[in-house]
Amino acid sequence: MVETNRNHGLTDAELFAPMDHSALESEKITAPRYSYWKSVFRVFFRNKVNIVILALLVFVVAFAYIYPAVTHYDQFANLMDPNSKHLTPAAAIKYFGFDLKWILGAGASGEPTFDAIWNGSRISISLAFLCAAINMTIGVILGAIWGFSKRVDMIMTEVYNIIGNIPMILIISVLAMLFSPSFWTMVFAMTVIGWIGIAYFIRTQVIIIRDREYNLASKCLGTSTIKIAMKNILPFMTSVIVTQLATELPSYISYEVFLAYIGMGMSEQSLGKMIYAAESAMVTPGWELEFWSPVAIASIITVVLYVVGQNLGDASDPRTHM
Amino acid sequence: MGKYIVKRLIHGLFSVICVVLLVMILVYSLLERDKIFSGDPNYNHTASNNRITYEQSRYEAFGYVDYIPYADYLRDLTKSGEIDAATQTEAAKLGRTADKDSEVTAEYTAKFRAYYESKGYQVVRLDADTRKNGQLKDGGSPALYATKDVPLLLRAVRYFTGMFKIDNIHYVPEDAGLEGERGLTFTAFDPLYNTGEKKTFAPAIIGNGTLHKYLLYFDGQFPYIHQNFLTINLGESYTVNRGIDVFTTMTDSQGSYVLKQITYPTGVVLERADDLHTATYVQGSRDSVAANAERFTDDYTNVDTYKKGMSRLGYSFVIGILSVIMSYVLGLPIGLLMARHKEGLVDKIGTVYIMFIIAVPSLAYIFLFKAIGTSAFKLPGLFDMDSSSKLMYILPIVSLALPSIASLMKWMRRYMIDQQNSDYVKFARSGGLSESEIFTKHIWKNAMIPIVHGIPGSVIFAMTGAIITERVYLVPGAGNLLTTAINKYDNGVIVGVTLFYAVLSVVALILGDVLMATVDPRISFTTKDR
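So the sequence lines, in the order shown, correspond to chains A and B. Quick note, my numbering runs 395 ahead of the 1-based positions in the first sequence. Quick note, my numbering runs 26 ahead of the 1-based positions in the second sequence.
Derived from the structure by calculation, the hints contain no laboratory data. Remember, it's a predicted structure, so these values are computed and weren't measured experimentally. Be aware that a few hints might be false.
As the list claims (entries may be wrong) - Capping the alpha-carbon separation at 30 Å, the derived lysine-lysine pairs in DSS-like fashion look like this:
#	chain 1	residue 1	chain 2	residue 2
1	A	Lys545	B	Lys137
2	A	Lys545	B	Lys174
3	B	Lys368	B	Lys471
4	B	Lys334	A	Lys433
5	B	Lys61	B	Lys145
6	B	Lys163	A	Lys443
7	A	Lys443	B	Lys374
8	B	Lys374	B	Lys471
9	A	Lys622	A	Lys443
10	B	Lys374	B	Lys436
11	B	Lys137	B	Lys126
12	A	Lys443	B	Lys145
13	B	Lys126	B	Lys163
14	B	Lys286	B	Lys334
15	B	Lys145	B	Lys174
16	B	Lys126	B	Lys158
17	B	Lys137	B	Lys105
18	B	Lys61	B	Lys163
The task is simple: from the sequences and hints, build the whole structure.
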């Protein structure tokens with residue numbers, strides 16, 4: 396009984412059958428299955444607050460794109476109607492009949508404020524995503540090269556010192572004067588030197604990691620620089636990049652609001668442009684909503700983007716995956 | 027250390043020059059030059075040929091072109107003795123078209139054309155602009171001038187060489203009819219304070235033949251001792267503050283006049299706001315203006331006025347420096363507390379506040395704060411230069427401090443937490459020190475080092491003012507100067523202000539490094555081989 400138990404019911408011949416030696420199999424190391432991105436999302440969704448905020452973000456972004464497309468917002472539809480301008484929600488609903496778009500009242504040209512803020516959000520969100528995508532791509536790639544090569548570092552640091560001293564609003568306004576102050580001019584103006592700050596940040600991170608022992612060992616074993624950059628350093632940088640993205644995305648929306656407020660915004664009816672146009676409405680009794688609605692929606696978008704980004708950044712740090 | 031600072035300064039100077047060159051390319055080469063007239067009220071009063079010559083003379087004033095009108099050429103010829111005054115008047119009479127010129131005029135216009143075309147100028151002749159009945163239109167008289175574009179490098183060189191002006195006794199031209207002998211006189215008894223019998227001691231250096239009459243003097247205004255030997259010229263303004271230099275625009279006091287009993291050099295006593303110490307020379311001013319002849323004994327008649335308010339820089343600096351003090355006083359201890367009780371209530375509230383400030387557009391929270399401040403605390407929401415109330419400073423100062431408190435809290439917390447796991451902290455703990463001793467005596471000092479680096483910067487940049495805060499509260503500060511200049515296409519101001527900012531940031535960085543090296547003896551810039 397004891398014998399059979401130990402052999403799990405197998406005969407000695409079966410147990411000790413000679414195996415073919417496989418060089419490939421002998422190199423395999425067995426470890427629990429680990430997928431980086433799966434772990435990132437597992438950690439991210441472990442926190443219930445994140446689910447709520449992510450849902451809010453998805454809702455806001457989807458609403459900003461779908462709602463204006465469905466309702467066909469026209470700012471000047473009621474321009475000829477003198478009774479439709481600057482209405483409080485109650486007055487607007489009384490005048491036009493109840494509709495979702497009148498719940499925030501009517502603006503200076505009789506446009507529904509609710510529609511206007513979503514249309515503005517769409518433009519501002521598009522601007523933020525485009526600028527962030529362009530700046531992050533260029534910034535990360537150039538920042539990595541900047542951090543790796545000592546010769547490039549010397550030149551780029553000088554360039555950074557010089558360009559960093561040119562006021563950003565100057566470049567934006569000169570470009571806006573050269574071309575028309577349109578959406579694409581704004582994208583161009585924000586990305587033409589916007590990447591350099593990100594590149595500098597990435598460069599510093601790369602320099603910190605570049606000379607660590609494991610990279611030195613990798614180099615001694617003959618790994619090419621590109622492979623070191625892609626396989627050894629980039630994974631290390633993911634959480635840093637995501638966290639940086641979390642601060643970048645809302646900052647473009649804020650910056651657009653700021654530019655529009657000082658009178659250098661684009662011609663499209665973005666959130667910033669709305670705030671700029673409604674500044675005088677803030678102090679007029681009954682008109683306050685025209686000013687505070689775009690301010691509020693801009694704040695909601697930026698806060699939600701920031702929180703999701705920060706928490707995603709935390710989750711993408713492998714040290715939190717334990 | 028000294029050698030290192032000099033090296034850094036030279037490096038900084040190089041970056042500043044590059045910045046100015048780049049900005050010059052932006053505003054002078056990329057922007058169309060006729061944009062500068064959009065804010066000029068005189069431009070619309072000129073018409074026809076006069077408008078063209080006015081444009082050219084303005085282009086010259088702002089460094090775009092070298093512009094020589096025919097009349098100037100003739101005057102120079104007269105001065106050098108080549109022609110006499112009669113010929114000059116004769117030759118200056120241009121015909122309605124080139125073939126209607128008199129013989130003398132034709133001769134000299136041909137010479138003018140030949141001379142300047144050989145030097146690479148473009149010579150332009152504008153024929154008379156007439157109505158149908160043969161009369162000249164307004165401003166339609168014929169004109170002749172030579173013009174040449176100034177290349178960017180040359181104008182940059184001119185800009186930098188013209189930046190510092192040293193006043194000298196040969197400033198007033200020889201033929202201006204200067205009274206008395208040229209020279210500088212030192213007096214222990216400033217004549218402006220010694221109008222009566224009693225002698226009051228007040229040293230001053232008075233010049234004759236110089237631009238300024240008082241080159242060194244004392245008075246009751248900050249900084250009490252003033253000099254006029256060296257004037258800084260950052261660029262002339264066109265539309266923002268017409269004809270005035272950027273530096274003067276930033277440093278001159280504003281607001282309503284302060285009237286005083288003033289005894290003029292002739293002994294006339296009037297109640298006016300003139301600051302006689304600022305007198306500058308204006309040729310022939312007593313002959314042309316009767317009031318000047320009555321008040322002054324020489325042609326140093328152009329004076330500034332005493333005004334009630336501070337200068338743009340002054341307002342920005344007062345508000346800026348108070349908000350800097352406030353943010354350090356609040357931000358550092360709160361950051362320390364957050365690190366001390368990590369994950370505690372203070373930490374959680376602080377993190378929410380930091381997140382709010384970073385994520386929400388600054389415009390939004392400043393307006394929100396203004397709305398709360400004016401309604402709940404009944405604080406004045408708008409700035410009024412003529413009011414003596416100190417309450418109106420509160421909201422701008424606090425608004426400006428909100429973001430810097432957040433960033434100081436954030437970094438202080440970060441640095442403190444980073445230090446907490448260091449070996450020296452574990453050692454101190456094992457030695458039996460209490461947590462608060464470790465925090466206040468060990469960690470705090472080390473965490474402060476990177477914070478110290480930013481202090482000179484925040485103090486220096488308090489001067490430049492903040493764009494949004496000053497706009498929201500209508501503070502007459504320096505923060506809006508750049509945006510106003512951009513909106514009004516005032517290129518001189520744009521370049522001047524950028525240069526000013528660039529110099530400040532270079533100085534701030536160097537001072538920050540020096541201060542950091544002083545605070546932390548481990549940091550040395552001299553031994554590092556970089």
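A quick look at each hint next to the structure:
1. The hinted pair formed by lysine 545 of chain A and lysine 137 of chain B fails the criterion: a straight-line CA distance of about 61 Å is larger than 30 Å.
2. Restraint check: the Cα-Cα separation between lysine 545 of chain A and lysine 174 of chain B comes to about 45 Å, which exceeds 30 Å; the hinted pair is violated.
3. At roughly 19 Å between alpha-carbon atoms, lysine 368 of chain B and lysine 471 of chain B fall within 30 Å of each other, so this suggested pair holds.
4. Between the alpha carbons of lysine 334 of chain B and lysine 433 of chain A the distance comes to roughly 67 Å, so the proposed pair goes past 30 Å and is violated.
5. Between lysine 61 of chain B and lysine 145 of chain B the alpha-carbon distance is near 28 Å, which keeps this suggested pair within the 30 Å criterion.
6. Restraint check for lysine 163 of chain B and lysine 443 of chain A: the C-alpha separation of about 80 Å exceeds 30 Å, so the hint is violated.
7. Pair hint lysine 443 of chain A plus lysine 374 of chain B holds up; C-alpha atoms about 17 Å apart against a cutoff of 30 Å.
8. A threshold of 30 Å between alpha carbons decides the hint, and for lysine 374 of chain B with lysine 471 of chain B the separation of about 24 Å falls inside it, so the pair holds.
9. Restraint check for lysine 622 of chain A and lysine 443 of chain A: not satisfied, since their Cα atoms lie roughly 38 Å apart, outside the 30 Å limit.
10. Of the pairs offered as hints, the one joining lysine 374 of chain B and lysine 436 of chain B holds, with about 12 Å between alpha carbons and a cut-off of 30 Å not exceeded.
11. As the CA atoms of lysine 137 of chain B and lysine 126 of chain B are separated by approximately 17 Å, the hinted pair is consistent with the 30 Å bound.
12. A C-alpha spacing of about 78 Å is found between lysine 443 of chain A and lysine 145 of chain B, which places the hinted pair above 30 Å, so the restraint is violated.
13. Restraint check: the Cα-Cα separation between lysine 126 of chain B and lysine 163 of chain B comes to about 18 Å, which is no more than 30 Å; the hinted pair holds.
14. Only pairs whose Cα atoms come within 30 Å are accepted, and lysine 286 of chain B paired with lysine 334 of chain B is accepted, the gap being roughly 12 Å.
15. Taken as a hint, the lysine 145 of chain B and lysine 174 of chain B pair is honoured in the structure, with Cα atoms around 9 Å apart against an allowance of 30 Å.
16. A C-alpha spacing of about 19 Å is found between lysine 126 of chain B and lysine 158 of chain B, which places the hinted pair at or below 30 Å, so the restraint holds.
17. A threshold of 30 Å between alpha carbons decides the hint, and for lysine 137 of chain B with lysine 105 of chain B the separation of about 17 Å falls inside it, so the pair holds.
18. Distance restraint check for lysine 61 of chain B and lysine 163 of chain B: the Cα-Cα separation of roughly 26 Å lies within the 30 Å cut-off, and the hinted pair is therefore satisfied.
In this structure, the hints that do not hold are numbers 1, 2, 4, 6, 9 and 12, in rising order.
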